[in-house]
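Chain order of the listed sequences is W and G.
If you count the first sequence from 1, position 153 lands on 153 in the numbering used here, and the numbers rise without skipping.
So the number in the numbering used here is just where the residue sits in the second sequence, counting from 1, plus 344.
Certain hints may be false.
[Said to hold, decoys possible] Derived list of chain G stretches under chain W, where covered just means 3 residues or more per stretch with a C-beta under 8 Å from a C-beta of chain W: (1) 400-410; (2) 498-512; (3) 516-522; (4) 622-636.
Don't read these hints as lab results, they were simulated from the structure.
Only a predicted model underlies this, so the values are computations on that prediction, with no experimental measurement involved.
C-beta: ideal position from N, C-alpha, C; glycine also.
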Amino acid sequence: MNRRHFLGLLAALTASPMLPARFSAAADKPLLHLFGRLPPSDQVQRVLAAGSPAGVLAYALAPQALLGWPMSMQGEKSRLLPDAYRNLPHLGRLAGRGSTMPLEKLLALRPDVIIDVGTVDDTYLSAAKRVHQQTGIPYLLVDGRLQDSPEQLQEVGQLLGVSGRAAKLAAYAEQTLGAIDTVRADHRSVYLARGADGLETGLPGSINTEVIALAGGRNAVAIKSGGNLAQVSLEQLLHWQPDLIVTQSAAFFERAQTAPSWQHLHAIKNHRCFLLPEAPFGWLDGPPSVNRLVGVNWLANKLQHSDLQKGNSQPWEDKAAEFYQLFYGTDRGMDIFAGQTVHL
Amino acid sequence: MNVKPASRGFHWPLLIPLLVAVVLAALAIGQYSLAPSVVLKTLVAPIFSAPGLSSDADIVIWNLRLPRIAAGLLVGAALAAAGTAYQGMFRNPLVSPDILGVSAGAGLGASLAILMGLSLPLVQGLAFLGGLVAVSTVYWVSGLVRRHDPILVLVLSGVAVGTLFGAGISLIKVLADPSVQLPSITFWLLGGLNGANKEDLVFTLPLVLAGLAPMVLLRWRVNLLALADEEAAALGVDVAKLRRILIVAATLMTAAAVSIAGIVGWVGLVIPHVARLIAGPEFSRLLPTSILLGGGFLVIADTLARSVASIELPLGILTALVGAPAFIWLLARTGRTG
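Construct the complete structure from the given sequences, taking the supplied hints into account.
Here it is in structure tokens:
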């Protein structure tokens, strides 16, 4: 998510009802926007990701072509990556005014293509067009949300000359999203706690809580304002009483266990608060890209099998390991579950 | 508000009941709907029975609303008191508590803590520390310059250091993860009391009282700072020392308030003016009036912040939205009658 997302939060996402998620991808809106002409797909050797969602997508599809990270990958995040990609440089992002990468550095890197992923609007299109005009480098914009990830993976994979790998990843995405029954009646409510105080959250329909809707849950935040991120109060949470609380913030997770005022929430009392990994990429959010597929998978599993948890045949570590192997090419990372008090 | 100097003594019987009414209203308003009778019953319950939080109403009132209202009173009072002291000391009506960079410093401390993913107490601790560091830097820098008016040097150093710390905040925003950390930083900088709890009060109250004590004890001398330095010195005031004490006191209070509430503008600038319109310029009368008004105003703003929309609105936005029109109205009225 780039700065433009952040600034356009309130306006951009009003029209995304939580109706049948798999069908809401607008048919009349193209998934890809391309400025310039791409080299033949077998000659795309150098890929530059403009923002962190694009970084994850490009890394999952063609890690060998990725020139560097648009975001900082330090500590735990880089430790989980395979040795070959651990030391890729931090290049900064391209996001119009919010860019941290100088155009001259961009030229010096000689990428065959620049890829960016996000919610495409006119600001975004014109910024991409300008970069293309100034540098002559083809600029590929990928629109769409998590429910479009099979198509995203497939089409971008084709352009990058990695159709085989893309097909495998797309199949995983398709299977994950397809297997979930999002029209069941008894949607459990899920609260996404962000920030160290846990009172920052994503509103229903926001890009930040796509995972909840796609996993067949209901956002506990009972507000229909079409915004993106917002702050709420404990008083409201007490009123909503979410069935489940999920977070990626270790600071909040610790607070939720200890702070007296949080103990009045049923979800905390019943140990239904879960800390999910954010390395190498977040399971729920941060960045909003294909990395969230594992979070959808986990949450759907949690929502549908919460009653027969103990009899669950395949331990969740295995499923997560499968995802990490497939998308990130790493078998590291499973130990991050072991040390935490996470209820997986 | 056409209050003549002769009638100034009469505002106490009006202000205190008003504040009590505001607090009671704030207790009854909120997103968790409770009937006023339930609120009242919950409030008086501990008198008759052993304390124990059994129902949701108990939790909402005693654990959530009361601490939050208390935090609002405390933060508003601290900012208003600091603003009052500074406006007197700098002999300038446009001065607010963050003139010496305390908000910028606190913002930098908090942003840094969020960038590092620290826990909430550490975010607050670093914010407090950042505020102290910023003001100490300003004081130290102003001490290096000898040949100018000391007040002017203080203000200019404050502007310079504030800008420097502000640039630091911007840099951290650029470096922060745009999907996770940046929103948290932005929300923090906009201010809010939605997380306020008892622990916050335990942390802030002693600091605010420690800052308030010297202001109350020195209330007569603060008036003399309105005079030129030489004249005040001729009346036996150690101007430099008094100034130092006031800066330390105001900084302690402001940094403590900002560390739990984030950056809440406008209160420290405008409340002292309103207080001056009501109570006149005499510091021993101005200070308590400012404190009552500041506390009440912030509780009103925060009650609106948590009740007008279905989400929490940032407090910094509310104080400006409510405060600016009210202030303009007040200015216009007093202008005509005065």
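We went through each hint and held it up to the structure:
no., hint, in the structure
1, 400-410, "holds (count 6)"
2, 498-512, "violated (count 0)"
3, 516-522, "holds (count 4)"
4, 622-636, "violated (count 0)"
Of the hints listed earlier, those the structure fails to meet are numbers 2, 4, in rising order.
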